[in-house]
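*Asks:* One letter stands for each residue in the lines below.
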Amino acid sequence: MTVSTSTLRIVWLYPDLLSTYGDRGNLLVLAHRARARGIDVEPMQVRSDQHVPHGADMYLIGGGEDGPQAVAAERLIDDGALAKAAEDGRPVFAVCAGYQLLGESFYANGRCYAGLGILDLRSDRGESRAVGEIAGEGIPALGIGPITGFENHGGRTHLGEAVQPLAHVSAGIGNEGVTEGAWAGHVIGTYMHGPALARNPRLADLLLSWAVGAAPGALPPIDETWPERLRAERFAALAPE
Amino acid sequence: MSANLPARAKFATALLRTAAAMSRATGRGDGSVIGGRVGLIVEPRLLELLADGRHVVLISGTNGKTTTTRFTTAALEAIGQVATNSFGANMPTGHTTALAKARKAQYAALECDEHYLGQLLDAASPKVVALLNLSRDQLDRAMEVTALAAKWRQTLQVSAAQTTVVANADDPLIVWAASVCEKVVWVAAGQNWTADSAICPNCGNHLDRFGEFWRCTNCGLNRPSPQWSVAPAGEAVVGPDGRRYELRLQLPGRINRANAATALAIASLFGVEPGQAAPRLSEVASVAGRYARVERDGRQLRLLLAKNPAGWLESFDMIEKAQPVVLSLNAREVDGFDTSWIYDVDFTSLVGRKVVLTGDRRTDLAVRLEVDGVDFTVAEDIRAAIGQVAPGPVEVVANYTAFQDIRAEFNRVN
Ligand SMILES: [Zn+2]
Chain A
365 MTVSTSTLRI
375 VWLYPDLLST
385 YGDRGNLLVL
395 AHRARARGID
405 VEPMQVRSDQ
415 HVPHGADMYL
425 IGGGEDGPQA
435 VAAERLIDDG
445 ALAKAAEDGR
455 PVFAVCAGYQ
465 LLGESFYANG
475 RCYAGLGILD
485 LRSDRGESRA
495 VGEIAGEGIP
505 ALGIGPITGF
515 ENHGGRTHLG
525 EAVQPLAHVS
535 AGIGNEGVTE
545 GAWAGHVIGT
555 YMHGPALARN
565 PRLADLLLSW
575 AVGAAPGALP
585 PIDETWPERL
595 RAERFAALAP
605 E
Chain B
1091 MSANLPARAK
1101 FATALLRTAA
1111 AMSRATGRGD
1121 GSVIGGRVGL
1131 IVEPRLLELL
1141 ADGRHVVLIS
1151 GTNGKTTTTR
1161 FTTAALEAIG
1171 QVATNSFGAN
1181 MPTGHTTALA
1191 KARKAQYAAL
1201 ECDEHYLGQL
1211 LDAASPKVVA
1221 LLNLSRDQLD
1231 RAMEVTALAA
1241 KWRQTLQVSA
1251 AQTTVVANAD
1261 DPLIVWAASV
1271 CEKVVWVAAG
1281 QNWTADSAIC
1291 PNCGNHLDRF
1301 GEFWRCTNCG
1311 LNRPSPQWSV
1321 APAGEAVVGP
1331 DGRRYELRLQ
1341 LPGRINRANA
1351 ATALAIASLF
1361 GVEPGQAAPR
1371 LSEVASVAGR
1381 YARVERDGRQ
1391 LRLLLAKNPA
1401 GWLESFDMIE
1411 KAQPVVLSLN
1421 AREVDGFDTS
1431 WIYDVDFTSL
1441 VGRKVVLTGD
1451 RRTDLAVRLE
1461 VDGVDFTVAE
1471 DIRAAIGQVA
1481 PGPVEVVANY
1491 TAFQDIRAEF
1501 NRVN
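Chains as they are written, first to last, in the numbering used here: chain A, 365 to 605; chain B, 1091 to 1504.
A few of these clues could be false.
Simulated coverage check for chain A against chain B, where a stretch passes if three residues somewhere in it have a Cβ under 8 angstroms from a Cβ of chain B [to be verified]:
{"no.": "1", "region": "380-394"}
{"no.": "2", "region": "443-453"}
{"no.": "3", "region": "457-468"}
{"no.": "4", "region": "553-561"}
Counterexamples of contact, computed for chain B against chain A with all Cβ distances above 12 angstroms [stated by the list, open to error]:
{"no.": "5", "residue": "PRO1096"}
{"no.": "6", "residue": "ALA1109"}
{"no.": "7", "residue": "ALA1111"}
{"no.": "8", "residue": "MET1181"}
{"no.": "9", "residue": "GLN1196"}
{"no.": "10", "residue": "ARG1243"}
{"no.": "11", "residue": "ALA1278"}
{"no.": "12", "residue": "ALA1285"}
{"no.": "13", "residue": "PHE1300"}
{"no.": "14", "residue": "ARG1334"}
{"no.": "15", "residue": "SER1372"}
{"no.": "16", "residue": "MET1408"}
{"no.": "17", "residue": "ALA1456"}
It should be emphasised that the hints constitute simulated quantities derived from the structure, not laboratory data. Every residue gets a Cβ at the ideal spot worked out from N, C-alpha and C, and that includes glycine.
Based on the provided sequences and hints, a complete structural model is requested.
*Replies:* Below you can see the structure in the form of structure tokens.
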């Protein structure tokens, strides 16, 4: 395994605006899994009144309500660093409101806002809120296996041709009841909120491998006893009686 | 006092009491909810009629309302009988039952669910409203916390003109909501949990914080000077005139000292001297099973209820150093089905302790604690968990239904 940086700098964007459902969890899980492989991690929280740092090894952005989402999108567009990082192939992992604002456009407070245009997708409002467990089969190209999470969102997302879904949904709604999340280059967005990476360790390792420049699957294995038990429990909870 | 109830209301009250008694006898809780429901069907204005003529205080907020209501009741009992929903039934059905059961009580101390504050303000015409704190709770069901503060602000403006508000000066959301009222008594009740108030609720700007002081440089919203506070070492409450009232609480933790300060502030508005009220708070040993101490197989368990991230953080502040801890997590309907919020809680203070995980969602906790570097074991249920710790004192922290399961194991200890 070749590691391109001695210390992995993971930026968590705008926790002051977008951190509604345990979003810190993704940062904690990535740091934990990196350190378990002997990779040093420097987590950085960047508030919405600060500049987004250039050249970090990974960027995370979480979920939140309409008002903060609109403000976050506006500031990220003005700032420009996140779009540049994505263009440079830096891994970006975005959840819920953060996922929507990476697209071309999204709805908040009853009106349409411009997104960052990092992902070829558009979001609008669903007829009802999607709340509950979500599961599905990760697309084979990513090698992340089945996905499990919890979703809680009012939006529906329609993927364009320049992105692929993260998974096909077997329970829950995801983007629109068929697919869940989106993927292009090293950018991933998902409706699995909060600590999605705690329940999806292979997705966490995929992001880490992109960040350190390793081949996917090249990270040394670590003890997965508890994450695997949790996954088994959550899939079992969705199985028909 | 509601001595002159109309005939229909009297009939409704009688039916309510019967229904509640039957529910109790069949072992389905304390009957507050079903009783209130029956009474309100017969007379929809029953709550209003039963509250009429009494001196009422409403107590609401995300955390601490049950304990503060218990403290307030203890203080007000110095001057008369107090109707109170001591079983935690904090919606209008529970309030109706509490008032119906204590027809002669001149005072009422009612714990109020955050979403029913407006309805209760209209129905009970309280003399005092106490607002403790607002933070994220049961997120897959409840409305966003800032939206709730906005709703409070609006409802207080419309319905609380005659009311004195006792409010937490340390919580920006509470200050924003309460500042529309003319008569506000500010209490420095503290805020361990600041993640829901990084942003000014009034204008969306970032709040600046300097120690306990906070302010918005854009719109000027800032921390009001509190009339009531807890002395730095926690041994006393300091009143508006600077006098100190010694606290010797049996209940643990910073938040309960803050709850005590709020209760003393409320009581003094009802004419109970803090010097008279403070010793009465010392008599409270547990609240609907919370903080109760129970014994099993040589282990002395103390039961702590914590329903949301702020509550878990407060409970870690209460637990005795070095004692083993049992954590129990469920995600049933009343808890909220989503366990994501455990990632908002910092568990690193548990590093080095004996920690046992139980509850329906103990595996979620296991993954969470592993990430924080906390060693743990897991147990099927509370009995098995007890078997995994050495004889001696044990702290038990559980969320709502997990707590009720543990209470049931100990014969619904109060
Ligand atoms: Zn402001």
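*Asks:* Confirm or reject the statement that ALA1278 (chain B) sits farther than 12 angstroms, beta carbon to beta carbon, from all of chain A.
*Replies:* 24 angstroms, holds
*Asks:* Can we trust that ALA1109 (chain B) is non-interface, i.e. its beta-carbon lies farther than 12 angstroms from all of chain A?
*Replies:* Answer for ALA1109 (chain B): holds, closest chain A Cβ roughly 33 angstroms.
*Asks:* Could you let me know if the closest chain A CB is still more than 12 angstroms away from the CB of MET1181 (chain B)?
*Replies:* Since the minimum Cβ distance to chain A is about 22 angstroms, MET1181 (chain B) lies beyond 12 angstroms and the statement holds.
*Asks:* Determine whether the non-interface label on ARG1243 (chain B) survives the test: each CB of chain A must be over 12 angstroms from its CB.
*Replies:* The assertion about ARG1243 (chain B) holds, with a minimum of 16 angstroms to chain A.
*Asks:* Is ALA1111 (chain B) truly not at the interface, in the sense that its beta carbon sits beyond 12 angstroms from all beta carbons of chain A?
*Replies:* Holds: least Cβ distance 38 angstroms, greater than 12 angstroms.
*Asks:* Regarding the assertion that PRO1096 (chain B) does not contact chain A, is the least Cβ-Cβ distance greater than 12 angstroms?
*Replies:* At about 43 angstroms from chain A, PRO1096 (chain B) clears the 12 angstroms cut-off, so the statement holds.
*Asks:* Mind verifying the non-interface call on ALA1285 (chain B)? Its CB should be farther than 12 angstroms from each CB in chain A.
*Replies:* Nearest chain A Cβ is 7 angstroms from ALA1285 (chain B), so the label is violated.
*Asks:* The output says GLN1196 (chain B) does not contact chain A. Does that hold with a beta carbon cutoff of 12 angstroms?
*Replies:* 43 angstroms, holds
*Asks:* With d taken as the least Cβ-Cβ distance between SER1372 (chain B) and chain A, does d exceed 12 angstroms?
*Replies:* 38 angstroms, holds
*Asks:* Does the claim that ARG1334 (chain B) lies off the interface hold, with its Cβ farther than 12 angstroms from every Cβ of chain A?
*Replies:* Since the minimum Cβ distance to chain A is about 38 angstroms, ARG1334 (chain B) lies beyond 12 angstroms and the statement holds.
*Asks:* State whether the coverage of the region 380-394 of chain A by chain B holds or is violated, taking the criterion as 3 or more residues with Cβ-Cβ distances under 8 angstroms.
*Replies:* It holds, with 11 qualifying residues against the three required.
*Asks:* Mind verifying the non-interface call on ALA1456 (chain B)? Its CB should be farther than 12 angstroms from each CB in chain A.
*Replies:* 5 angstroms, violated
Violated hints, in rising order: 2, 3, 12, 17; the structure is consistent with all others.
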